[in-house]
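2 protein chains.
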Amino acid sequence: MRTADRMQGVHRSYIREILKVTARPEVISFAGGLPHPDSFPADKVAQAAAHVFAEDGAAALQYSTTEGYEPLRNWIAERYAKQGLAARPDDILITTGSQQALDMVGRALCNRGEPMVIERPGYLGAIQCFSMYGVDFKPVDLLETGVDTGQLDAVLQQTGARFFYAVPNFQNPSGISYDAPTRKAVAEIAGRHGCIVIEDNPYGELRFMGEDLPPVRSYMTTPSILLGSFSKMVAPGMRLGWVYAPDGLMDSLVRAKQACDLHTATLTQRILYRYLADNDVDAHIASIRERYKTHRDLMVAAIREHFPQEVRATDPQGGMFLWCTLPQGLSAEQVFERAIQRNVAFVPGRPFYVDGTDNTFRLNFSNASPEKIEEGIARLGACLRECLHQAQSAA
Amino acid sequence: MRTADRMQGVHRSYIREILKVTARPEVISFAGGLPHPDSFPADKVAQAAAHVFAEDGAAALQYSTTEGYEPLRNWIAERYAKQGLAARPDDILITTGSQQALDMVGRALCNRGEPMVIERPGYLGAIQCFSMYGVDFKPVDLLETGVDTGQLDAVLQQTGARFFYAVPNFQNPSGISYDAPTRKAVAEIAGRHGCIVIEDNPYGELRFMGEDLPPVRSYMTTPSILLGSFSKMVAPGMRLGWVYAPDGLMDSLVRAKQACDLHTATLTQRILYRYLADNDVDAHIASIRERYKTHRDLMVAAIREHFPQEVRATDPQGGMFLWCTLPQGLSAEQVFERAIQRNVAFVPGRPFYVDGTDNTFRLNFSNASPEKIEEGIARLGACLRECLHQAQSAA
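The listed protein sequences correspond, in order, to chains R and Y.
My numbering puts the first residue of the first sequence at 7, with every later residue one more than the last.
My numbering puts the first residue of the second sequence at 7, with every later residue one more than the last.
Honestly, the hints are just simulated from the structure, not real lab data.
Possibly wrong hints are sitting among the right ones.
Remember, identical chains collapse to one label, so a pair may be satisfied in a single copy or spanning two.
What the hints assert, rightly or not - Derived SDA-like pairs (lysine to any residue); straight-line CA-CA distance at most 20 angstroms:
1) LYS26 x ASP96
2) LYS378 x HIS42
3) LYS190 x HIS312
4) LYS50 x ALA60
5) LYS88 x GLN53
6) LYS26 x LEU40
7) LYS378 x ALA319
8) LYS144 x THR188
As the structure is a prediction and not an experimental result, all values here were calculated from the model.
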């Protein structure tokens with residue numbers, strides 16, 4: 007059957023295809039991007055659900071407004087206020103995870119052929135989503151301190167792009183965070199070019215070390231958009247995220263959302279709000295941070311022990327991912343083939359680029375157990391050595 | 007802020023704007039399209055939720071597959087099998103309500119400028135959704151027996167439209183159902199023109215009188231698409247619906263859904279499935295039918311008593327809506343202005359047309375109590391008599 011032109015070039019997520027390969031129980035997988043299930047406050051969410059059914063009854067199952075559940079929007083606005091951002095509940099639209107927040111922004115704002123600056127490497131879900139709207143990606147390199155601001159300035163100058171999609175905290179896939187000077191510089195550059203920063207922040211709460219840094223938005227005097235998610239802070243299976251947008255944009259976002267699915271589930275919004283209102287969320291987040299820091303420290307140490315020194319790896323201060331770069335001449339997909347034979351998996355970096363770069367890969371450290379992290383990195387180290395040896399012999 | 011071109015002409019739902027006017031407690035509203043909250047099996051859904059948390063724990067809060075929860079897809083496929091349709095779970099994609107099912111179909115299949123046949127009047131949510139994809143609507147009149155098949159044939163011949171969006175059971179807004187000969191004829195005509203019928207069926211389970219009729223799809227030998235929803239069968243606030251699509255299309259739909267929101271909430275899918283598996287759903291549906299039949303009978307009787315005979319009203323055999331046609335020279339929006347002064351509300355028909363027709367209106371009978379139905383229709387009858395009198399005096 008003939009499909010719409012916009013579907014050309016939108017492939018099934020490479021990662022989801024890899025996850026099928028790695029479903030075998032003997033495979034140690036660093037491929038997925040799943041939070042650790044033990045980090046979900048399942049009992050407390052269950053209590054919140056019981057509470058909602060007892061108190062709200064049928065109202066929890068009825069249609070509700072497109073904008074989202076008012077107390078939940080209020081909770082989000084208050085949390086922004088603590089970060090010094092003057093958000094009002096009316097500036098918040100609840101979405102079906104932050105993936106739908108991307109979709110609403112693309113739908114309401116982006117024309118086909120629209121130039122959009124993205125990070126290189128960039129978040130795969132954003133590449134997939136904005137591709138559907140025919141966006142013309144303009145990648146700008148990520149350095150260890152964040153996006154290359156010189157390149158950003160030049161690309162905005164050349165292309166006149168109205169949008170820059172950025173993940174300044176513990177980016178997926180790289181784990182890189184923008185340092186404070188980079189945040190300030192991005193705000194200044196974007197403002198000067200009249201470029202709207204679409205600032206996505208699914209991992210911001212998961213900082214293990216160093217100090218929290220203010221969002222790019224807090225330095226901006228021109229309009230920008232923030233996207234948020236409860237997927238890593240509470241749990242992803244409720245699919246709850248949001249857009250925080252300036253005044254002039256909310257009406258279009260609401261119309262886009264209404265045409266798309268009327269509204270996000272009343273039930274999950276009320277359950278989540280009840281959970282947030284009745285529990286110490288910051289204590290919960292602190293426990294996730296502690297768990298993931300242990301995982302991260304183990305993975306970083308195992309990499310130092312087992313990886314050949316020709317392979318570079320990032321040293322993330324938070325989030326769920328670590329990013330590796332292979333020396334010239336090695337392909338991550340070749341390493342993947344070998345790794346999967348040894349029952350260890352990761353995601354080759356190619357889908358995170360719009361230009362086919364193939365010498366990087368992503369490791370997830372949130373989902374595997376500490377034992378599996380040590381064993382899996384050791385296996386992967388052996389594969390890398392073999393591949394390197396083979397490449398050097400061939401050269 | 008400049009929005010995308012596709013947002014031109016997509017307005018906020020007229021109905022949602024009307025609902026704001028009718029929020030005052032003294033207003034008797036037949037405007038919304040809400041199921042009656044007493045029809046929701048809230049206690050049993052609460053039990054199902056408790057069950058899910060106890061048995062599935064963290065898995066109910068984790069990411070899950072784009073296609074949807076396998077047991078839920080299996081339940082839907084088995085229900086189709088009882089209707090004689092050979093559905094497999096793999097033919098079903100779970101969506102965030104059937105509104106998102108529309109969106110996925112539009113996204114995966116429709117190019118800008120794509121001609122699409124719709125019913126006249128047509129479902130507002132479909133008009134909004136497909137408008138975003140730049141569809142060129144080709145309306146075909148609804149008769150009391152269903153779509154005008156002669157007109158359908160001619161329009162398909164003239165336009166070569168690849169799609170016909172139809173709501174053959176108790177359509178929103180008209181309450182009209184296709185009779186058996188019309189269903190057969192639509193299948194034959196669509197098949198002959200190579201046109202895909204997008205058959206939406208949110209109200210099919212709500213038949214109060216007459217016999218259930220098979221879907222148009224059951225007469226078709228060429229590909230077609232069925233959309234379904236749990237909103238009226240169980241409750242809308244979980245936002246669960248589906249697309250049942252032929253083999254060649256599912257892959258595109260899954261890619262579209264993945265880019266849009268990854269997947270529909272794991273939690274609501276599991277709760278709904280648990281509810282469906284543990285309860286006698288048909289007995290529940292029978293109780294909704296009984297309730298709505300009482301409402302419908304009361305409204306039909308009150309209309310006969312209070313409306314001037316110049317106003318025609320449909321006599322629906324199911325669903326939630328009744329459709330009124332005013333005599334020449336009366337505008338539904340004028341009647342609405344007067345009605346709202348008397349604290350009674352309905353939806354003027356204009357947004358259900360793509361050509362601005364203004365002499366019809368929709369009455370919802372599912373949501374108001376029996377007492378309010380009698381009182382509201384009496385008030386509305388008085389308004390109609392006044393408007394008619396005024397129009398006749400002016401003529």
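20 angstroms Cα cut-off: does LYS190 pair with HIS312 within a copy, between copies, both or neither? neither (38 angstroms within a copy, 69 angstroms between copies)
Measure nothing new, just compare the shortest in-copy and cross-copy C-alpha distances for LYS144 and THR188 to 20 angstroms and report within, between, both or neither. Only inside one copy: LYS144 and THR188 sit 19 angstroms apart there, 53 angstroms across copies, limit 20 angstroms.
With identical chains treated as interchangeable, where does the CA-CA distance between LYS26 and LEU40 reach 20 angstroms or less: within a copy, between copies, both, or neither? For LYS26 and LEU40, only the intra-copy Cα distance (14 angstroms) is at most 20 angstroms; the inter-copy one is 41 angstroms.
Are the CA atoms of LYS88 and GLN53 at most 20 angstroms apart within a copy, between copies, both, or neither? Neither. Shortest intra-copy (27 angstroms) and inter-copy (38 angstroms) distances fail the 20 angstroms Cα cut-off.
Homo-oligomer pair classification [ASP96, LYS26; C-alpha up to 20 angstroms]: The answer is between: 16 angstroms across copies meets 20 angstroms, while 41 angstroms in one copy does not.
As a check of your reading, is LYS378 near HIS42 (CA-CA no more than 20 angstroms) within one copy, between copies, both or neither? Answer is within; shortest intra-copy Cα gap is 13 angstroms, inter-copy 52 angstroms.
Given a CA cutoff of 20 angstroms, do LYS378 and ALA319 count as a within-copy pair, a between-copy pair, both, or neither? Intra 19 angstroms, inter 69 angstroms, cutoff 20 angstroms: intra-copy only.
Reference check for the pair LYS50 and ALA60, CA-CA at most 20 angstroms: within, between, both, or neither? Both. Shortest intra-copy (15 angstroms) and inter-copy (12 angstroms) distances satisfy the 20 angstroms Cα cut-off.
Figure legend: structure checked against the earlier numbered hints; hints not met, in rising order: 3, 5.
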